[in-house]
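Fit chain D to the known structure of chain U by using the hints.
Chains as they are written, first to last, in my numbering: chain U, 1 to 681; chain D, 1 to 681.
Treat the hints loosely; a few may be bogus.
Stated by the list, open to error - Quick list of in silico lysine-lysine cross-link-like pairs, DSSO-like style, CA-CA up to 27 Å: (1) 520(U) x 354(D); (2) 597(U) x 520(D); (3) 520(D) x 520(U); (4) 520(U) x 530(U); (5) 354(D) x 376(D).
Stated by the list, open to error - The calculated label-pair distances, taken between Cβ atoms and stated as ranges, are: (6) 324(D) x 52(U): 46 to 54 Å; (7) 104(D) x 146(U): 40 to 48 Å; (8) 70(D) x 335(U): 54 to 62 Å.
Hint data in this document are derived by calculation from the structure and do not stem from the laboratory.
Beta carbons are placed, not taken as given, at the ideal position from N, Cα and C, and that holds for glycine.
Number of protein chains: 2
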Amino acid sequence: MPVRCMAVLTCCLFSAVAGAQSASRELSVMPLPTAYQLGQGQLTIDRSFTVGLTGFREARLNRAVQRFLNTLSRETGIAFAQDCVKACVGLGVSTRHGSKPVQELGEDESYSLEITATGATLNAPTPLGTLHGLQTFLHLVHATPTGYAVPVVSIQDKPRFPWRGLMVDVSRHFIPLASLRRTLDGMEAVHLNVFHWHLSDNQGFRVESKKFPKLTSEGSDGNFYTQSEIREMISYARDRGIRVIPEFDVPGHCTAMFVGYPELASGPGPYQITREWGVMDPAINVTQESNYKSLDVLFGEMAGLFPDQYFHIGGDEVNGKQWDVNPAIQEFKKSHKIKDNAGLQAYFNQRLLKIVTGHGKTMMGWDEILAPEVPKSAVIQSWRGQQSLADAARQGYRGLLSNGYYIDLMQPASQHYAADPLSGPAAALSPEEKQRVLGGEATMWTEYVSPENLDSRVWPRTAAIAERLWSPQEVTDVDSMYRRLMILSAQLDALDLTHNSQYVHDLERLAGGTDIAALKVLSDVVEPVKGYTREEMAPAPASSLTPLNRLVDAVPPESDAARIFSREVESLLTSPTAATSADLRATLAAWRDNDAKLQPLFQESFLLKEDAVLSTELAQLGSTGLQALDYLEHGEPVPGDWKASQLAIVEEAKKPKSQLLLMVAPAVQRLVEGKGGATAK
Amino acid sequence: MPVRCMAVLTCCLFSAVAGAQSASRELSVMPLPTAYQLGQGQLTIDRSFTVGLTGFREARLNRAVQRFLNTLSRETGIAFAQDCVKACVGLGVSTRHGSKPVQELGEDESYSLEITATGATLNAPTPLGTLHGLQTFLHLVHATPTGYAVPVVSIQDKPRFPWRGLMVDVSRHFIPLASLRRTLDGMEAVHLNVFHWHLSDNQGFRVESKKFPKLTSEGSDGNFYTQSEIREMISYARDRGIRVIPEFDVPGHCTAMFVGYPELASGPGPYQITREWGVMDPAINVTQESNYKSLDVLFGEMAGLFPDQYFHIGGDEVNGKQWDVNPAIQEFKKSHKIKDNAGLQAYFNQRLLKIVTGHGKTMMGWDEILAPEVPKSAVIQSWRGQQSLADAARQGYRGLLSNGYYIDLMQPASQHYAADPLSGPAAALSPEEKQRVLGGEATMWTEYVSPENLDSRVWPRTAAIAERLWSPQEVTDVDSMYRRLMILSAQLDALDLTHNSQYVHDLERLAGGTDIAALKVLSDVVEPVKGYTREEMAPAPASSLTPLNRLVDAVPPESDAARIFSREVESLLTSPTAATSADLRATLAAWRDNDAKLQPLFQESFLLKEDAVLSTELAQLGSTGLQALDYLEHGEPVPGDWKASQLAIVEEAKKPKSQLLLMVAPAVQRLVEGKGGATAK
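Bound-form chain U, shown alone (with noise of 0.2 Å):
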């Protein structure tokens, strides 16, 4: 059976038929999987299922499959019977062999999927693919007429990429480790496999050292992961399939290390723990020979610490200044024929990479590593663009892309679904150089991400990325990963992920009660600004100490009801129905008359007041957008100059505010321009 083309067929089918039906008969599953076939029928699921292993066993499955039925527990509110007295078996899972005791990359993480009307098997080679079909199984569970059922199904399925990350940064702000197991769930929901931990930076050195305490106790603020913790984390994370890969930046972005350790910078101390974001000065002194046996000694504790293969060196955004005025260092550059300052960057790094092979380690950093000096065991992690990554496959290295994947941005999830490791420069690779290419990772770098708002910034979005690295190429259609983003947007909510709770807690917190209505009304169609815009436009300058609390800490990365709306109004330009009119007409009025409801509670409050003017705009985009629907539906010639004020007024509402976007402005625009504007685009 030709299997990746079948899923190419399916998914080009999902994208020619219309709507409701091709839903219906898609598969509400996230990645979708490489191969399926839907019959006809369903598997019940009621009280009575259970779940059988057979083949590999190990204590690591079975609290795979306690996790599964708590999770499907949690997904249909059935209470399953904890133990099975005789052949109530409704899932059969064989495991073939086991997998290596410390995760590797590439391992085989394949699995097949079999449901009939009446029972379900599961095979995979290894434990890995064992827990990414039982995640696809819980996805397909839903309500039914006759009852909660999964679908008659084959699915064969295995990884597109075998490096699918999510990159955490705990040190811009502190994240606890019960966020960071709620990580790790959503993770293995999603069939991520490597948990990226960005554990020191200017701003905190995250993990106990033994060797030298003072990293911490100097350099965390009393915030940080003891060795133990670690250790449970990264048990944690094995149970769920995930690799977990630490990272050290070195030489730049280690201020924190420096606040205990003053001698291993270029510069004399006393350093303080940085507060603000950015670029910042202080870097290790490369020309000194003590600070390699530092780090020899603290890389050696932290490669014993964590087993994975890989280690993280960082390396990014060195500045030099410190370097620059370093008498001793311009010495150093002077005789050992270093010519500028990437080049001191490489005499690191490959003294960096000694110490790291030492220790039985493959070393890995950002773009800035990699220089000719450098051996190509080296993995390169991008984040500045794509044609890097695709340059280091020519030259040999292996490669990650993170372009594309900065979660922190705000952007919205079809762009990072538009991001694919193999396109642009990258499509252009030989089929020898595109192996080089191990896949991805998100990066949650976290200036505005705290523990409270971590899992919004998170997810769901990630999970259109974990597709993007998992699922073929060919699955490419945004409609339907929306659809099922938001329904695995709720079953992110049964693994306890706070992404949509908190958000209507912080919204309950900003109105000092639980009458948030007219405020969700507003806050449901604003997205935070974009890029590094908040920096640019920050009242003040942020640092790790600014609360977040504010409404742009709150709403979601991306609205959806911006993107519906927005749907519905391209739906009623191109074929208009009495049914979307009204929908929209009830839209437009309940904004327009929401700000009357709102202005007191701006007033209450020194958080909110800076949210008027956005709500007051809503108001005028309401106002406006009636106005245009009636010239629509009246088929009335459009004043000349009503139309010129109201996109004025649409032009002035796009204007960020509060760090916020008023996500309804175009929508709205194309209702003004009406159907001679849709033509025109």
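Below, chain D without anything else, positioned relative to chain U:
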């Protein structure tokens, strides 16, 4: 200063002055303090805010301050500095002396809280008062135009009753510790001080016994607490100023004990764990001497495990059927001149009292234990009514009110709020007799309560009961109670209670995704049927195995939307404004149009299809209401047949369907009846 009087005056002032102004001068605190005086100005809460402890010190107080700061962070989004370098105390806390090593009934729980524009002082004789004062401070925090702040206020506070409890039945549905810890967090927030743990019943025995291991190995489905978990809970409760009273219900309601130990029962075994609800026949053989030996050993073990002075032996609802058909028991009755089964139970209670007293405990039980032979030291918990409580007090027994506080019956907070332990028959008691009324307990029986919806069944309504038991008897303003209850509800969210978030999750589960807007329009205006009618209208006999995943299990016991709609209707009928009219029209139109959106969903899900008729009726109510508004506002004469036909529609809509009630039907009826109807009422 006449402390009590001031509270009364303030309270009356609230009722007399209209709306916003009175609300803004009211403390957003629940329970309302005994006495307080609001001043001008406020104390700002920013990152520099800290707490300083003086006077009596203990680890519990340090933990309380840490917990206080954590909650304050959740309430404000501000990360407070861990340590204070110099004089940066915002709240000075002074505790005079320690409290008893095991918390006792009637210990001093008072405190005073003085907040000025420059600082705050909390003074309390014991840590119990300190804990209460910290919670009151947390309630006071709110966003103001210039920042987070607490108002300048002087509070003198102490509880009206010394026993303010919440009972949770963990037998009918097992409730895991994580949920119970949240429950204790919520109790602390509203000054409740007794957690009554209903640990055994027909459906499960939930405590590990080392003396009788089969109690849990045979009688719990594996769902029980180990002794070390029990100790952990007790210490968690003590940290929050809460006593833990265990209840082992005997001689009825204990079938689960008979599964492992059938020799305790009055009829031949074998026994199975009961899955159904109600009063069952099995009862302990109270005539068998060996049973007293067993109970002595078991209760001895449990008396050692639970340090509180009070020990609850249940004693309710014995139907006596097993006794009636056991010849040996009949023989015993004859030989001991016991004339009926009540006498038999009294005999049992006397024996039990000796056992319980022998282990140094004070016995308590439900109404039924009250018999002339029972000594006055026993405490009576009244579930049957206020008369039995008053009778007990007159006879010299101390007692608690639970009748009126049965939160499983899905009554509104206002109804519980109106139940006063010293009103009705108890109002006529002498001051000495009134002293015997110790307080009351909300009772959470869990026939229809799972770990998923426990929080929404307990909160926020229990806070109204907490206020009844804490605040002066004269605090009875229902509007004020609801205003503060809604604010408190949001604050409970900050403690991770799930009464709000789980509702959304349940709707997502029912809707199969995150787009729950249309479903929520319906679910927001329905409530579960009241009292014991759910049993009567069950489509099939319910049991502990029945999934609690229907709409009736998801919706809150009390509809805020319906209450607010009803208030708006009254406002329109008495003093109509254009704004009220527009608001009502928007709401009614949304109901009218919602059904078309929801019907497709009903067809897709076996769980939702039963609710289709409710949705249709809500649409009809919307249309009816809109027409009624037209008649009302255009002053047209209302055709008699129109009115009759609409009232018929309303009557039909009032009838329960799917164990749910459309709570907005009565207010729509008021619209149809118009001003004349209003007068006629």
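Cross-check of the supplied hints:
For the hint linking residue 520(U) to residue 354(D), the alpha-carbon distance of about 61 Å lies beyond 27 Å, and the restraint is violated. Restraint check: the Cα-Cα separation between residue 597(U) and residue 520(D) comes to about 21 Å, which is no more than 27 Å; the hinted pair holds. A hinted pair counts as satisfied when its Cα atoms are at most 27 Å apart, and residue 520(D) with residue 520(U) qualifies at roughly 14 Å. For the given pair, residue 520(U) sits about 21 Å from residue 530(U) by alpha-carbon distance, which is consistent with the 27 Å threshold.
A threshold of 27 Å between alpha carbons decides the hint, and for residue 354(D) with residue 376(D) the separation of about 13 Å falls inside it, so the pair holds. Between residue 324(D) and residue 52(U) the Cβ separation comes to about 47 Å, which falls inside the hinted range of 46 to 54 Å. Taken as a hint, the range 40 to 48 Å is violated for the pair residue 104(D) and residue 146(U), whose Cβ atoms sit roughly 57 Å apart. Against the hinted window of 54 to 62 Å, the Cβ-Cβ separation of residue 70(D) and residue 335(U) comes to about 55 Å, which satisfies the hint.
When each numbered hint is compared with the structure, violations occur for hints 1, 7.
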